[in-house]
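Peer 1: Residue numbers (the numbering used here), protein chains in the order written: chain H, 7 to 347; chain Y, 7 to 347; chain C, 7 to 347; chain B, 7 to 347.
Do not take every clue at face value.
Remember, identical chains collapse to one label, so a pair may be satisfied in a single copy or spanning two.
Here are the simulated DSSO-like cross-link-like pairs (lysine-lysine), alpha carbons at most 27 Å apart as the crow flies [said to hold, decoys possible]:
no.	residue 1	residue 2
1	Lys299	Lys45
2	Lys299	Lys258
3	Lys95	Lys8
4	Lys116	Lys299
5	Lys258	Lys116
6	Lys8	Lys141
7	Lys45	Lys27
8	Lys46	Lys258
9	Lys45	Lys258
10	Lys141	Lys95
11	Lys299	Lys46
Since the hints were derived computationally from the structure, they do not count as laboratory data.
Protein chains: 4
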Amino acid sequence: MKVGILGATGYTGQELLRILKTHSEAEIVYIGSSTSADKKIAEIYPHLTDSNMLILEKEEVPDVDVLFMALPHGIAASRADELLARGIKIIDLGADFRLQRPEIYEEWYKLNHPNPQILNEAVYGLPELYREEIKDRSLIANPGCYPTASLLSLVPLLQAGLVQKEGIVIDAKSGVSGAGRGVNQAVHFAEVNENFKAYAVGEHRHTPEIEQQLGLAVGSSVIINFTPHLVPMTRGILVTIYADVNGKVSEKELRSCWQDYYAGEPFVHLLPEGVWPQTKYSYGSNHAFLQLKYEPRTGKAVLVGVIDNLVKGASGQAIQNMNLMFGLPETTGLVTTGLWP
Amino acid sequence: MKVGILGATGYTGQELLRILKTHSEAEIVYIGSSTSADKKIAEIYPHLTDSNMLILEKEEVPDVDVLFMALPHGIAASRADELLARGIKIIDLGADFRLQRPEIYEEWYKLNHPNPQILNEAVYGLPELYREEIKDRSLIANPGCYPTASLLSLVPLLQAGLVQKEGIVIDAKSGVSGAGRGVNQAVHFAEVNENFKAYAVGEHRHTPEIEQQLGLAVGSSVIINFTPHLVPMTRGILVTIYADVNGKVSEKELRSCWQDYYAGEPFVHLLPEGVWPQTKYSYGSNHAFLQLKYEPRTGKAVLVGVIDNLVKGASGQAIQNMNLMFGLPETTGLVTTGLWP
Amino acid sequence: MKVGILGATGYTGQELLRILKTHSEAEIVYIGSSTSADKKIAEIYPHLTDSNMLILEKEEVPDVDVLFMALPHGIAASRADELLARGIKIIDLGADFRLQRPEIYEEWYKLNHPNPQILNEAVYGLPELYREEIKDRSLIANPGCYPTASLLSLVPLLQAGLVQKEGIVIDAKSGVSGAGRGVNQAVHFAEVNENFKAYAVGEHRHTPEIEQQLGLAVGSSVIINFTPHLVPMTRGILVTIYADVNGKVSEKELRSCWQDYYAGEPFVHLLPEGVWPQTKYSYGSNHAFLQLKYEPRTGKAVLVGVIDNLVKGASGQAIQNMNLMFGLPETTGLVTTGLWP
Amino acid sequence: MKVGILGATGYTGQELLRILKTHSEAEIVYIGSSTSADKKIAEIYPHLTDSNMLILEKEEVPDVDVLFMALPHGIAASRADELLARGIKIIDLGADFRLQRPEIYEEWYKLNHPNPQILNEAVYGLPELYREEIKDRSLIANPGCYPTASLLSLVPLLQAGLVQKEGIVIDAKSGVSGAGRGVNQAVHFAEVNENFKAYAVGEHRHTPEIEQQLGLAVGSSVIINFTPHLVPMTRGILVTIYADVNGKVSEKELRSCWQDYYAGEPFVHLLPEGVWPQTKYSYGSNHAFLQLKYEPRTGKAVLVGVIDNLVKGASGQAIQNMNLMFGLPETTGLVTTGLWP
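Kindly produce the complete structure, drawing on both the sequences and the hints.
Peer 2: Listed below in structure tokens is the structure:
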């Protein structure tokens, strides 16, 4: 299986390189980057010890079986038609194919969608929700990091009607690598370290992505409060979700719902009662961990989910999708557990 | 003004020492600790460069004007009567005098209150709410760190009827020093660093303290969801609060309410529109910073407040209370701004 | 290949579990721990998602092919004879078999060596120095973390006579996981974070281990200055070594010496000129990275080496040794590159 | 006393603002910055709560008593003549006046010195070495952060002839704020956090500054090995220094030398035997802490010194110099002890 990567020198691109290196069925034959063309990958990332592979212009994509695109939004959508026509399957780690309605894309990304017709061809690449569709498609919209953690927690309970779709609050916390490798004052070590803040309050672009999928789960529109925060750590996302339960639902029923939904799933784990997820449980791995509590005093359920934003929240999930698309065991190349400590 | 400290070697005790060192009117004459008696303070904290003061048994309190008590709960309440009778004013940094109803104390602290009669004598030491009462009393219940940040954000809006008392969610995040200086697996550097988690979900003892004060603000009982999280940093608390606004309240009205309430307050600051609080703004200082946003899509207001948990959330506020009790300018010894970076 | 682990719940034990999980030839059949016997491993480490394996008393070692011992010093030496007699190969991650002379052990570890006769049977498990001996032996003294980084940097240059054995200074820096999982004030997050210190100055037990191997490299006794420091990070060791070069040696010759010595080595990498090692290059991996500079102003060479203290500095190296002992490809189970970022 | 600051929005400029805010004798009347002119200081630093002061062009310096210059090198030297002629005293936090010989400046800073004649007028602003000269001068070259920590440790012992001037190794470690507020890949949180590295090996510009002062201490030229490292923390410098003692000097004599030299010094503290400095001891304060050990096995003394790089290593020391120049008590505005934890 020949694999190409566009945008290989960003954090998600580099994470694809790291994981694919130990993937038994995939061979990276092409690495493209506009900013680092003609350099060897080891010049950018000296720790990739045996990689003398040359980075090429991102325009010259050869005939690969599958192409990962980790590019600024707008670019993937412009180039997809041509690549698909050549028989190249696409897994896009950006936002171009995630939102079904182009007007929502334009509202939140402040950009006319360059290729709205293609949106029907894409499938939302969250295997725990869309496994069968992923197997059949050639264009995967790999989910955002916050949506992955949020949807894994919420969708089963919403779908089962155990929690109400009104008034949902998602209070999310992410490590700094989620902001990408670009530099600006907000990622300066001295301004992040020993510091914690909310950002993009009421304005984060993952909001409509989450709302779309929650809406699909219940069959009607869902509006949420989503507030992301920046944690002084490199990797990891934790979401704390508050939702009103429907009528007389017990904590046991809520847990059973998750348990049934994720029975047999290799990457989603409901922790034993009383054990709360820590982002480090998923560090460097494709595993997600969940826990919940029903608070009878208020009638709300508190859901907590964690993932590694660069793995299950990006590159690991992309490879999970690749495995599905090519009929491989879903865990190929993704067997590692989290790094502890 | 002669000052004593009981429990001087914990983090809040040590923070009292640090701040009082530059306080022009206070002289520390007595430091008591059960665990470190007969040592010099510089043996415990070598950075307290000129302190050769001897730590004494915590039983032998001399005739000081004011005594700070930073002790495990249960102890302060047992000893208060005797100390007050000797004319010693008490500022307690623990929980013994914070809850007005002993049965609530017993429910959350799993301990029969050792001295329920005394609860009427205590005033809740949040100067921005109870300034006048604090001036007149001899027994101050210094608020918890989470309650300080939560109440400063919520009380004005609740009191003014701008937000609803039902369905309030407080999602709180704290640095590790909030857990105190005691050692256990949960504070091991390698298990906290590069990690983020929720803890004590639905069970944190600051919940009834917040609820009591919110209830007093609206004149009827308030029940909240309160979820604390541990941030891999040493100092700082940020609370993100979600509350439904009442009817047609605008963001401007919400901001005006805060602005009016805190006009002239030396330590509480509403940031300019669009500037969101960071815990580091208050690092090592007694300042609190606030910001909010009204989200018309959901009808909720999102409030964010930050403090330094050891200063405005503990020892700085205790000294602010002392200043009030002794008729000193409220900012005496507390003029420092946050350390940046 | 049946594998057992004694002391499985410490950080090096857990790291063995993590790595062996993806090792194609090894099956863990026994996990022993005195502190956690009769618990399931997932009770201690919830992130080890599919491990329902029961932890057993560390006394009941079954007939495994190889046993990893990660125990406090003194214990492994007492038990080794019996285990070896049963045909069990031993890889000891502690210090009991590292020092050839029992009197040196007693001087630095303040303990009479419980089994001095056995020291001749052990081989020092640094594959880059002792590969052939490791293949033939049943008792491996897995090196300490600081010695691994120090010896990889120094031995080739000393052996080749390019640097002088007198006056060597090793200034070493380690992440906190090197101190193990036990709790005490010195590993409290709030006392390590935003802090840096030297410790055990002139007294660290890895000193004689390094000196012994340097002595073997030059054929006469070597005395060094070794100063370890604690870095506010979880994983990683960096050593900065200062050594006087012999006569008119050029930087090029020093680099060539390393290059020749490590040609073909899968885990030791000389970085390109001007690229200096960062501990993160080896994060979670078995790779070591080296760089040097000759300073003509002083006649000293400055060598810098990095490893992950828990992988190449402990458990990864132990598995590298296991691979050698059982005739497997040396990199089996150890193909991962460092996690970045 | 009217004070101006040029370059007020960098980290050292901002630290001057923080400290001067509590200085009883100084009034800031002018803040200049080329990058932030016409903004209010609170727009750059929202935590400076009561500062509505306008930032001005750095060209328009009014008639202040003393001007702090925190500018890129080359600029201060060009402007000093004009300012001094107007009777304005200058404390320069940059490198323009630190090196007495312009050719050394040119060699290490790759810039022709713009005003070599002025170098004679400047005094090196390390009060513990040059207190009397500082009182008499109008132009202060405030020392670099690494030189401050290194010289405080070494000068007394070298001057007393207790250690040899040949073969000195200074292995230095700094927090990230030492790199300034500018952004680049090397200060991206995700590339610094959980990482440790050496940098500028053999090339750091503080090398000749240290060598010049050591040379003045012994009366002949001194050449050292100086290697800086980047610690994943915001503030703090620790230097570990290795020096051969002269003949039969004992550890006691070395300690006595320090003790005598720093008797009565308000900011330099020799810790009790066995207590090693931690950078956090000086966090946010102007205090330096020292410790040493003589190692008879090698004949070397190991010296360790810590400071806060932004305080004693920059802005605090600048204010200490200002106090001296204006006949104020040396500790005015600098009474704070380190923040712990």
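Peer 1: Check each numbered hint against the structure and report the violated ones by number, ascending.
Peer 2: none
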